[in-house]
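Participant: In case you want the letters, here they are:
There are 2 protein chains.
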Amino acid sequence: MNDIYKDLREQITRLVPFPDADWQDFVSHWHPMDVAKGAVLTKIGQVEDYFYYVHDGVVRVYALKDGEDISIGFSYNGDYTGAYDSFLTRAPSEWYIEAIAPTRLLKIDYNALSYLFDQYKAAERWGRLFNAQILIGMFRRQLETRSYSAEERFERLMQQSAHIFQLVPQKYIASYLGMTPETLSRMRNKSR
Amino acid sequence: MNDIYKDLREQITRLVPFPDADWQDFVSHWHPMDVAKGAVLTKIGQVEDYFYYVHDGVVRVYALKDGEDISIGFSYNGDYTGAYDSFLTRAPSEWYIEAIAPTRLLKIDYNALSYLFDQYKAAERWGRLFNAQILIGMFRRQLETRSYSAEERFERLMQQSAHIFQLVPQKYIASYLGMTPETLSRMRNKSR
DNA sequence: ATCGTTTCTTGATATAAATCAATCGCAATA
DNA sequence: TATTGCGATTGATTTATATCAAGAAACGAT
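Chain order of the listed sequences is A and B. Per the numbering used here, residue 7 is the first one in the first sequence, and the count goes up by one each step. Per the numbering used here, residue 7 is the first one in the second sequence, and the count goes up by one each step.
None of the hints are false.
Any copy, or any two copies together, can satisfy a pair, since identical chains are not distinguished.
In silico DSS-like links for lysine-lysine, alpha-carbon gap of 27 Å or less: (1) 49 / 113; (2) 71 / 196; (3) 12 / 113; (4) 113 / 127; (5) 12 / 43; (6) 43 / 71; (7) 49 / 177; (8) 43 / 113; (9) 49 / 71; (10) 196 / 177; (11) 43 / 177.
To be clear, the hints were calculated from the coordinates, so they are not data collected in a lab. If you're wondering where the values come from, they're calculated on a predicted model, not measured in any experiment.
Given only the sequences and the hints, what does the whole structure look like? Please build it.
Facilitator: The structure is reproduced here in structure tokens:
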């Protein structure tokens, strides 16, 4: 089915009403892509050429520090993903982008998106508001990680996104929460 | 002197070339403001109405957690500041914005900036790229806090921004680095 | 279904940093 | 110049979380 595009439009319309006329051209630059679990979309050191919309599945963003991997975040249905800072700066990515489940995406490349920004005011505005939205999320998360202990962070995640434990292996969640898998395991089994 | 506006233009031009014609109107909405050390620009719970350009001085952004204050960041010459997420969402701010030295700013209010975004494509683009720039900084800082121990964070700050120790009291720097003032003090005096 | 990996759990121990407490230094003010 | 109060230092102790280690459970591939 092609309503993956319909979903994209809905997502974008939440930020900016897009005239039908412009939408035709806009959407024609987004290409569907299916990847298997374990597929790597972007490697550290690579310049990110794509910006992704996740229709279905789960994508993980992580960095490497002394061989250890550090999970930065996860994207699901309706989220965007990619090594977005590398995409913006054209500098090598500091993150791996990896599908951790079979995933269906739409992707657009840098040149196409730049063209759209030049061409359509609505696109430019969407870009601004989209960036703002990410920004707000990062502010929130920063406050979250700074204000709460490991245990509080775990409990808040349980309350706000319990479903994540079904989708993402615990070791990644542990890393995302800034603790070891052992610590997370203990916390889970204490409440039980 | 009025070259505070010249500095603003230079700052903005780094991201977007602004046509002279549009610039006149654009800049007319930015108003100068001088505040004393200790002045509070925005309080927690207040909706942020302004976006600031710091010409001179130092501004600190912090949050409160159980009475303790958590320093989130500092802005100096040429930086922007404000409770930017509140400014964007029109929701109550989660941060205090405070001058910690005599400070000279330019400020623009929400309605004026919205008007400029509507009016000028260059403004809209500046908004997008400006958001992107902040975003990139936050990504970098997130990786920084996640990848390094307290001691490494201290040493990296020393290398990259030693001047901050002249401008900002140590207890704020400690909080910014995610450690207690005692820990920071010990680290400083160990190397000496 | 079975074998081999990888992930999760549980326990014992180690450690970085926090907390508590006292003193010192210093800048602002009377 | 004396006084006051906040910030920085230094030491002793506590605590949360990491690390190390080993067994159990879950999962993927043959």
